[in-house]
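With chain A's structure known, arrange chain B on it following the hints.
Number of protein chains: 2
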Amino acid sequence: MERHFDASLRELKEQLLGMAGYVERAIDNAVHGLQGRNPAKIRSVYEIERTVNREQVTVDESCVRLLALQQPMAVDLRLIVAIIKINTDLERMGDQAVNIANNSERYLALEPLKPLVDLPLMFDEVKGMVRDAINSFVRRDEALAREVLRRDDAVDELKRRIFTDVLAAMKGDPGRIDAGICLILIARNLERIGDHATNIAEDVVFAVSGEDIRHARREAP
Amino acid sequence: MERHFDASLRELKEQLLGMAGYVERAIDNAVHGLQGRNPAKIRSVYEIERTVNREQVTVDESCVRLLALQQPMAVDLRLIVAIIKINTDLERMGDQAVNIANNSERYLALEPLKPLVDLPLMFDEVKGMVRDAINSFVRRDEALAREVLRRDDAVDELKRRIFTDVLAAMKGDPGRIDAGICLILIARNLERIGDHATNIAEDVVFAVSGEDIRHARREAP
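Chains A and B, in that order, give the protein sequences. Residues in the first sequence are numbered consecutively from 8, following this note's numbering. Residues in the second sequence are numbered consecutively from 8, following this note's numbering.
Chain A on its own, in the form it takes in the complex (with noise of 0.2 angstroms):
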């Protein structure tokens, strides 16, 4: 039979994996929106957003409850608390989400900077390292929450090969500054979402094996 904790506990991840199902919305949203020109879609991300602010205090509340009644230990305590910071880290995606609809709202008011050079791609790595850093938590995979680690490289180098090309649109045609800062704007975004996916893999490598890796590899030489 299972325990009174262990049905709380599946009932606290089941919440935090509806609310990451709502953040990888809100992501996709706003950059499908962009892409496609569609400004009703990137307005959808706020309403969304919104939907994410009210599951993450509920989250929250489901963390105190279970630590304040239930006492729990070693590896539970270790999983709450995990969750507690993976919490965090999803609504800041959500306000993540809603910086790109707030500027690719304006990018699409403005003479089109084409292509949209490193974007689609950028997007599409973060995209998958939001997913697997999902999927690990999930599965307490601590070897795809590693993997998703190393693939925070690729998104920088992206991201610098994105700031190279758009300032040089920039200098090439000063009417193209607005746009230009739009876009360095969202690749920020987008390598920030990037940011707090390695924040939920580093929590989920430590509740799995209680081994605290955060600045042990970003210190790495």
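If you're looking for bench data, these hints aren't it; they were derived computationally from the structure. These figures come from a predicted structure and were not determined experimentally. Check before you lean on any hint, since a few could be wrong.
One copy or any two copies: either way a pair holds, since identical chains are not told apart in the list.
[Stated by the list, open to error] Taking lysine-lysine pairs in the DSSO-like style, the calculated list, with each CA pair at most 30 angstroms apart, reads:
#1 Lys-20 with Lys-178
#2 Lys-92 with Lys-178
#3 Lys-134 with Lys-48
#4 Lys-20 with Lys-134
Same frame as chain A, but now just chain B:
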């Protein structure tokens, strides 16, 4: 006589405050290094941030240990959950200080855009928010925490003004596009630091009052 738990909690708070001190110094050195065109000061940020990272791990370990060994309830539990989150926000402020340092190093290698538009003003505002967010935690001062939340709009307004001024400078002289981008990114970094101060203030309100005001406030008309 002080309970063992109270002593541990006091120690944890002191750890967090020590870390906050490093974070404030990292932000100061990044911005003053830019303002004073002082590369050594800018580079000092990288070392300080490594200290912040180490402190973050220590604070998190203390939180998990306190939760496991003392199984705190109600207000103590809320405080520890708040500290877990504040710890994350402080560490990310440190990341933003590093971003400011990076962008400042790039900026100093270029023909300067002078004056630094409203960046010094924005810096003072953000610095005040960080200070008061930390003070509101130390004093368990809900009113001060709510005051921090209200100041976020002023920071956003300054950022908008900086964007407008820098864009105008870039359009007036495309030779300044690279320098302009640096300042725009620094303004974004400062805005993010202000957001983290806001997050901390929200966590203080939660810890003190048990009220989760995060999205109630943000979604007010």
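Outcome of the hint check:
no., hint, verdict
1, Lys-20 with Lys-178, "neither (49 angstroms within a copy, 50 angstroms between copies)"
2, Lys-92 with Lys-178, "neither (41 angstroms within a copy, 42 angstroms between copies)"
3, Lys-134 with Lys-48, "within (18 angstroms within a copy, 37 angstroms between copies)"
4, Lys-20 with Lys-134, "within (21 angstroms within a copy, 37 angstroms between copies)"
Checked against the numbered hints listed earlier, the structure breaks hints 1, 2; every other hint is satisfied.
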